[in-house]
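Q: Sequence lines, in order, name chains A and B.
Each residue of the first sequence is one higher than the one before, starting from 1 at the first, in the working numbering.
Each residue of the second sequence is one higher than the one before, starting from 1 at the first, in the working numbering.
Hints were generated in silico from the structure; no laboratory data involved.
Here the structure is a predicted model, which is why all the values come from computation and not from measurement.
A hint or two may mislead.
Because identical chains share one entry, a pair is satisfied inside a single copy or across any pair of copies.
Stated by the list, open to error - Subject to a maximum C-alpha distance of 27 Å in a straight line, what follows is the list of computed DSS-like cross-link-like pairs (lysine-lysine): (1) LYS304 / LYS256; (2) LYS304 / LYS241; (3) LYS345 / LYS118; (4) LYS256 / LYS421; (5) LYS63 / LYS369; (6) LYS334 / LYS256; (7) LYS256 / LYS375; (8) LYS97 / LYS421; (9) LYS375 / LYS97.
Number of protein chains: 2
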Amino acid sequence: MSTKADVKGLEYIFHPRSIAFLGVSSNPANPIGETLIGPYLEHEFDGGLYPINPKGGEWRGLKIYPSLKEIPGPVDSVIIFLGAPTVPKVMEECVEKGVKVATLFSAGFSELGTEEGKRLEAETIEIAKRGGVRIIGPNCFGIYCPKTKLGAGLGFPEESGNVCFLSQSGASFFYMVRAGASRGIRFSKVISYGNASDLNESDFLEYLTQDSDTEIITAYLEGVKDGQRFLKALKAAAEVKPVIVYKGGYTEAGAKTAASHTGSLAVGDAILDAIFKQLGVVRVYSMDELIDVILSFLYMSPPKGRNVGVVGTGGGASVQIADECERMGLHVPKLPPEVMKKLSKTAPEAGSILGNPFDSSMALFDVSKFAESIKVIASWEGIDLMILHRGLSVMSNQGLTMRTEESRRETYLSCAQECEKPTAIVLHSVASTAEAWEVVGEWQRRCNEVKLPLYPSLDRAANAINKFIGYHEERMKRNAFEDKNSS
Amino acid sequence: MSTKADVKGLEYIFHPRSIAFLGVSSNPANPIGETLIGPYLEHEFDGGLYPINPKGGEWRGLKIYPSLKEIPGPVDSVIIFLGAPTVPKVMEECVEKGVKVATLFSAGFSELGTEEGKRLEAETIEIAKRGGVRIIGPNCFGIYCPKTKLGAGLGFPEESGNVCFLSQSGASFFYMVRAGASRGIRFSKVISYGNASDLNESDFLEYLTQDSDTEIITAYLEGVKDGQRFLKALKAAAEVKPVIVYKGGYTEAGAKTAASHTGSLAVGDAILDAIFKQLGVVRVYSMDELIDVILSFLYMSPPKGRNVGVVGTGGGASVQIADECERMGLHVPKLPPEVMKKLSKTAPEAGSILGNPFDSSMALFDVSKFAESIKVIASWEGIDLMILHRGLSVMSNQGLTMRTEESRRETYLSCAQECEKPTAIVLHSVASTAEAWEVVGEWQRRCNEVKLPLYPSLDRAANAINKFIGYHEERMKRNAFEDKNSS
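All chains, please: the whole structure from these sequences, using the hints.
A: Quick look at the structure:
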């Protein structure tokens, strides 16, 4: 009961009427103001924004108040980026002002492992609890919620989406929003909660499980505050939404580092693995893998099985993708004679590999034939999903490429959209040159537009899809088991 | 004896006095001329260049000859990009003209698996052998040799280097040169040999083992023509130079595809693994991994052990890199009290993780203190090598970043150069935006300039370094064994 009340209770932290920022300088050369308040100006937050500094002055047209209490009217939320030793005193002022939630960007607390750091954190929390102020952090970047225009970083998208990300790490928080957004992900809520001194992963997880704006729950965790409560929350979350977790600190050296980073205690890695499996939580091992897997969940419907049809250019790439698919647990079935016969009508023999993978280096010179070939393969019942790949390494020069790339790209995209199987696109073998990145940028933009998952390498696509399929296989088994038990 | 003669005999294929190109059109809209001859014009090849087309005409100021025999003077080399069925007849003309080596870009031969394809290839080879013409290909892109200005692709670097790459795949050939070059690799010879109908991997490997311009031998192989001879050549090569091999087709699906791609037969993967281990050949599983490993060999001296000192920004990244290092077989040792004491003088506590990994998010605001911290860690005798990492995800906006990035980058680079341990740089968490790629481009350019290996992710750096160290550990064991046996 109390948990449910807490969950409902958290809603207000995403809807502050006004926000004060402590740690802003009136000196325009100091970047802190831009970092803290910039995102709110950028997204045109429609409540009050109050920079605070004892010296007063102005910051980008906003009046700087000397202290919290001098702000006219209520302050629902404060964001604090001050030296740790000053934070308890500031928290007293928050209590006096009737602040509802304080986000502590400041570091220098329990994560240091020092007595002083622990004491400062405990003191701050004690004051906040007594005065009814909830705390996010310290050692964090707080909340990005595009729907209510809360934004922790400049350049974060204004549009909302259905993915949430809970992050104990500030850098991972920024990376998820920036890299995820550039790859087509949009977010309901992204929360960097650092040391979790008050509001922790379980609070947020319980909230997000019930949050109707969130359809996919993802997290970077280094540890949890209350194992029992977290497991309960994780189980409840995984029952209703896909949950994808990257647990940092899974080796001894990593766990030691996590302890210094966010004061987290280690959990045995094998135990964690068993728990995730039992609950149906998808486990990943890097931020990029997390983004890769989210894209499969976002943009692919669950395939019926693991049989993949692979089409693209380059014989070497075809060999490599066949290896990668098999290594990652997908199957690349041989095409039966009737499909091969159809295929031989749409593709020239020389320079192609007729079969699966289908290499169409030459077919690409005739995009309509290429499209026909894709349809032939995708429409065979033995294929459950498609991977269309394109290597950019053979780009002869910019003029040649930009001229021909558009029609190739659009052929891929229209084939992917028309084909009735879940489809992923792989744009691989990209040398890091300005020209190549321009081409990649345009592919990415178009894939985002038509809502297709784009992967930068064969192994990353196959790995993400494998985890996506694994999730749905597990769900089906679970549902079958429940059906059986309930009948 | 005959082998040695063959090796010497191959030298001439890298020194043609003149080259004829079959398959060029006088129509400027046809890109084949640019693809075939363009690289030779770009690198100012100083011998004769002769486009050939029965219709005659001109291509970019070069006279198009109607046939080989009408070219005045000798033609040492021909590059053929014609339909497979016409190739045997053209080969007769090559024989008549006294051509020494013919590179067959054309596909449509044995790799199709058809009787007709096999027959055409056999017939072509038979004519060539009879007439003393050596063949590279078919189904290939031939030779890139910057020293003698032979260039198979537009935009390939003019400078020579000490790395060779043998590739059965044309796309992998292009990717190695383009992506490898952008990451700072320069080449002695790069050879795409496709179906290996005449000159094959063993011929080239024997040559490259003795080639004084080549210090590191690398290859993408799908299969070999003569297993016994290849193993002998591989053993001889690995005895004198590092050999790094990516074997495509290591799964069943991959092997099936390789058979269609270059007509290669599968070798059991476990057998291959055992052979590579025995010979001291470094095995990799993707083109990017190959490039990663080459960079360690090129730009790092062999570390004395596996103890890595990790310095960079971002607590989450530090946890993640500690995990990745351990997972990939490196050790992240704990710093002893005396080193910790020194470190505490150079870095602010808050926002940093004092230890190894050392997280310097705050220290970065004072680059000289950051440099001091790196020196403290690197100079401890318990550290064998250093990884300096930088995450770009916290970039607030372009202005902020470009302004501060230069001093941060140069601090990293000067620390890396001054520190007496082998050092790798990791630039991770790069969202794919135009601004981010600009920053990355500048990091890459500067790392290439000062000859430091730059990796795009923590796991890729740790993996490459692990293989590099593994190679040297193996060499040391081998040498110790030989010393013992010879004493």
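Q: It remains to establish, for every hint, whether it holds in the given structure.
A: Here is how each hint holds up against the structure:
1. In this homomeric assembly, LYS304 and LYS256 come within 27 Å of each other (Cα to Cα) only across copies, at 24 Å, whereas the closest approach inside a single copy is 42 Å.
2. When the C-alpha separation of LYS304 and LYS241 is checked against a cutoff of 27 Å, the pair qualifies only within one copy, where the shortest distance is 20 Å, while the shortest distance between copies is 49 Å.
3. Proximity of LYS345 and LYS118 under a CA criterion of 27 Å is satisfied inter-copy only: 21 Å between copies versus 73 Å inside one chain copy.
4. In this homomeric assembly, LYS256 and LYS421 come within 27 Å of each other (Cα to Cα) only across copies, at 24 Å, whereas the closest approach inside a single copy is 45 Å.
5. In this assembly of identical chains, LYS63 and LYS369 lie within 27 Å of each other by CA distance neither inside one copy nor across copies; the values are 65 Å within and 35 Å between.
6. Proximity of LYS334 to LYS256 under the C-alpha cut-off of 27 Å is restricted to the inter-copy arrangement: shortest distance 9 Å between copies versus 48 Å within a copy.
7. With identical chains, the CA atoms of LYS256 and LYS375 are at most 27 Å apart between copies only, with a shortest distance of 22 Å across copies and 52 Å within one.
8. For the identical chains of this complex, LYS97 and LYS421 are neighbours neither inside a copy (57 Å) nor across copies (55 Å), given an alpha-carbon limit of 27 Å.
9. Taking CA atoms no more than 27 Å apart as the test, LYS375 paired with LYS97 passes in neither setting, with 65 Å inside one copy and 47 Å between copies.
Comparing the model with each earlier hint shows violations of hints 5, 8 and 9; every other hint is respected.
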